[in-house]
Amino acid sequence: MNGVHDMGGMQDMGPIQYEENEPVFHERWEARAYAVVRAMGAWRKWSIDAARYQRELIPPAEYLRMSYYERWLAALIDLMIKTNLVTRAEIDSGNLAPGAPKSVPPLTADQVLPAIARGAPANRDVPAVAHFTAGQQVRARNMNPVTHTRLPRYARGKYGTVVRDYGVFVFPDTNASGLGERPQHLYSVRFAARELWGPEAAAHDSVYLDLWDAYLEPA
Amino acid sequence: MANAEPGRARHGDDHDRHHQATPSDPALRVKSLESLLIEKGLVDAAALDVLIDAYEHRIGPRNGARVVARAWVDPAYRQRLLTDADAAIAELGYSGMQGEHMVVVENSARVHNLVVCTLCSCYPWPVLGLPPVWYKSAPYRSRAVIDPRGVLREFGLELPQDVEVRVWDSTAEIRYLVLPERPKGTEGLSEEALAARVTRDAMIGVARVA
Numbered sequence: 005m006n007g008v009h010d011m012g013g014m015q016d017m018g019p020i021q022y023e024e025n026e027p028v029f030h031e032r033w034e035a036r037a038y039a040v041v042r043a044m045g046a047w048r049k050w051s052i053d054a055a056r057y058q059r060e061l062i063p064p065a066e067y068l069r070m071s072y073y074e075r076w077l078a079a080l081i082d083l084m085i086k087t088n089l090v091t092r093a094e095i096d097s098g099n100l101a102p103g104a105p106k107s108v109p110p111l112t113a114d115q116v117l118p119a120i121a122r123g124a125p126a127n128r129d130v131p132a133v134a135h136f137t138a139g140q141q142v143r144a145r146n147m148n149p150v151t152h153t154r155l156p157r158y159a160r161g162k163y164g165t166v167v168r169d170y171g172v173f174v175f176p177d178t179n180a181s182g183l184g185e186r187p188q189h190l191y192s193v194r195f196a197a198r199e200l201w202g203p204e205a206a207a208h209d210s211v212y213l214d215l216w217d218a219y220l221e222p223a
Numbered sequence: 002m003a004n005a006e007p008g009r010a011r012h013g014d015d016h017d018r019h020h021q022a023t024p025s026d027p028a029l030r031v032k033s034l035e036s037l038l039i040e041k042g043l044v045d046a047a048a049l050d051v052l053i054d055a056y057e058h059r060i061g062p063r064n065g066a067r068v069v070a071r072a073w074v075d076p077a078y079r080q081r082l083l084t085d086a087d088a089a090i091a092e093l094g095y096s097g098m099q100g101e102h103m104v105v106v107e108n109s110a111r112v113h114n115l116v117v118c119t120l121c122s123c124y125p126w127p128v129l130g131l132p133p134v135w136y137k138s139a140p141y142r143s144r145a146v147i148d149p150r151g152v153l154r155e156f157g158l159e160l161p162q163d164v165e166v167r168v169w170d171s172t173a174e175i176r177y178l179v180l181p182e183r184p185k186g187t188e189g190l191s192e193e194a195l196a197a198r199v200t201r202d203a204m205i206g207v208a209r210v211a
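Protein sequence lines, in the order shown, are assigned to chains G and P. The working numbering numbers the first residue of the first sequence as 5 and each following residue consecutively. The working numbering numbers the first residue of the second sequence as 2 and each following residue consecutively.
Here chain P stands alone, though its shape is the one from the complex:
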């Protein structure tokens, strides 16, 4: 991933986000809760481990990057992706939880798409994994709909006035994936090499693919 642009806020000291430990420190509470639920037979301990492993190691933005790269090299796939995203994404083996109703929105020279969930954190898990903290936080949730160009500027992306910015607020169970523009000069690259260049941020719409 590229270095942060000047002016982009860096993640601060951990105390900014993790306030001082209180008597009800979440780590202790979760440990106590998990033990209780296992003891009551309400959750299966091994199932918890599989769930965590799935989202830490198996399901992440590399999935979406493959979808994007496939669309870049295969015009017929691109068409399928834009008309029936669920089916096209499932062709590559990705489907399911928080991605049951996918729509892919394509960037072009005239249109730039940006995805947000102002009300909570809705995000296309099967293709991007779990959302980053910034996506789920108040600054992005509040500002993406009212000042998308300011948000993009904060990410180092300045768009001309004649480009149309479309912000997709994920208010229902439809999940949006941005199909970024293929960068110039990549004509000779393999699909795998192309996928390696596609970033999560570009598939949310806060960046272009370099």
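Looking at chain G on its own, in the form it has when it is part of the complex:
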């Protein structure tokens, strides 16, 4: 979707605010929010793509105002309600709904480090037609889905060169909306800075994007 999260190329966002010796978490609540989001993800009621999409759905003024973990928290609540893990009344009151069943958490303390070390690979060992090859000139499609996509606006309609085929990966556009993983080839595509930003851009600079087969068309 063409939301404010799709920020590449936006201007007037202000100076980069660098903090020396920045702590991992600035407040304890941030650490707790991080852990709760990760632990709830273990229920596998939503994919990472759906989680990212949910954050993008935060209303734009709120999205820009909120701090990072505030966005995580807001989106988590939306996801949990959407997937019937909690109700809005339970969130607002902080209390269980009467008669609500008690569950058993899928992620226990002893499983955390192994789960972190294993990760959640996004590639899939399935055949898929590769429509493009390394060295080929391509154009990023002029597509404007209202739902989740990982093709930024700044690259749409632009010409680039396929640098590498990374293999077959889960397709976020469908996965985020519960429409299936639809695995397909993922490519590293190089776009010249001048192609993206015009003749004033530096002559030798470039931006590399990782783009799925469905985002591209032959140039």
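The set of hints was computed from the structure by calculation and includes no laboratory data. All values reported here derive from a predicted model rather than from experimental measurement. Using N, Cα and C, we set each Cβ at its ideal position, and we do this for glycine too.
Sample of chain G residues with no beta-carbon within 10 Å of chain P, all distances over it, derived: (1) 61; (2) 63; (3) 103; (4) 129; (5) 132; (6) 136; (7) 148; (8) 149; (9) 161; (10) 163; (11) 184.
Below, computed lysine-lysine pairings styled on DSBU-like, alpha-carbon distance capped at 30 Å: (12) P/32 x G/86; (13) G/162 x P/137; (14) G/49 x G/106; (15) G/49 x G/86; (16) P/137 x P/32; (17) G/106 x P/32; (18) P/41 x G/106; (19) P/137 x G/86; (20) P/41 x G/49; (21) G/49 x P/32; (22) G/106 x G/86; (23) G/49 x P/137; (24) G/86 x P/41.
Using the hints provided, position chain P relative to the given structure of chain G.
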């Protein structure tokens, strides 16, 4: 870490980032939420503590620094790192969440690499830990792709025009780590001493190793 360069924006008063407490103060909401989820049996309290400890104390840029130092001293390792980063990084014991598909991009006299996630905050956790606030914020996310040299200038790094800047926008699950150039005059240093000099910023690409 080196002092901020002149012209680099310093982190301002906490109110810049933490707006005045509202009735829905996040600290209170998180506390209430955590209690609710524990009570419902949806999360395990001890698991939350292990998760936090992992990212506060165990997983951080020191991991990536060791990878870089190893590549500097061992040319064969460097080759493995550039051709199959997952395997090479796993040799040092680092793997997993948000680092399942690693690619290492090397800086040279002719090429300077910079990593960003314009759409959110994608970052190679196993080697760098969790990203700093500036990496996840609008100024960097918006400007890294359109004005990388301006961003680098803000970090105190001016690159000649004939150096090629490559910006890697992490739009998929591939996670990028910059292999910085080894500084001159470090020939006699041990691998451990070299690792101590490698900064997180250099592995994102906004700095060189001093």
